[in-house]
Amino acid sequence: MGRSESRTEKTRDSSEAALLSRLLAGEEDAYSELIRAHGGRMLSVARRILRSDEDAEDAVQDAFVSAFRSLDRFQGKSRFGTWLHRIATNSALMLLRKRPARAEIDIEFLLPEFLEGRHHAGAPPRWSELPEEEASRRELWNLVREKIDELPENYRIPLLLYDIEHLEMAEIAEQMKITKNAVKVRLCRARQALRGLLSPSMVESAG
Amino acid sequence: MNCQELKEAAWDYHENLLSPARQAEYDAHVASCTECTAFMKVCAEVTCEGMLEFLDDYIDRTLEAERRAIFERHLAICPECIAYLDSYQKTRDLTGSLPDGKPDADVPADLLRAILASRDRR
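Top to bottom, those sequences are chains A and B.
Number 136 in the working numbering belongs to position 136 of the first sequence; there are no gaps in the numbering.
Number 1038 in the working numbering belongs to position 38 of the second sequence; there are no gaps in the numbering.
Each hint should be verified, as a subset may be incorrect.
Partial list, derived from the structure: chain A residues whose beta carbon lies under 10 angstroms from chain B [to be verified]: (1) Gly-40; (2) Ser-44; (3) Phe-64; (4) Glu-108; (5) Phe-109; (6) Pro-112; (7) Gly-122; (8) Ala-135.
Note that these hints are calculated values from the structure, not bench results.
Glycine included, each C-beta is placed from N, C-alpha and C at the ideal position.
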């Protein structure tokens, strides 16, 4: 199995290398092939960041323009998919920064409260076990997506990039132009705020 | 005051919410009980608010041994932190297992054309 996986890897490597040569030679078909192969995934990423189909298309167009410009610097050290995912994320974040700020909730109200001695002000409600059944899980995931969207951008973005897009902490820091430690702190606060938003639906008495 | 009563009153003691008489009973019990003296030390090691800082490192098992021991000693005496940690971990489980949502869409034809056209304009 390992050997067959390695053969698949090699085939992919050589087909990517061939595509890169065709792109560098300026073959029109190669550009369409690259867009068709990766554009769908890039659109999904951009849509998750921007929450708008129209803006996601703009971000993907910007991403491809920027990718085409730097094709000669793409050394094939990473896969096209990984490289383009990073560029699409960056384009979407740039577009997000340009968009007028939306009204945002204050997450302080979602974080736990402490007494003067820094002990919990009240007992946090006990959550029920997460459902294992597929339909209930799916329903819960929809709720989680909805609640993630309610988070302020400064917290929604690190959560999205780390937990859903699976970017490394250092990469998120670079994309967001903040330190790695700031990403870590924001991620923890984002999860705490999300916990606060989900809690009313998750407490044991709510079934 | 017995050991169980002392543990139940521990946070009120730290918040200075006990009556003077109850506080005196508390102090007297701690002075005569080695187990409760150890318990009081744990209470003083880290506050519930301080625990928040280490939630992710604790779950990811990246907390250094000494801090991990402090974290676990606190959990052993604090049902509130156990409940909070449990709900925080479940939140992480939910976001970490979240599927991508809509499957990757095909690239709409007009977008494909627009991208190729913007390449031609370079």
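Does the structure break any of the earlier hints, and which numbers would those be? 4, 5 and 8
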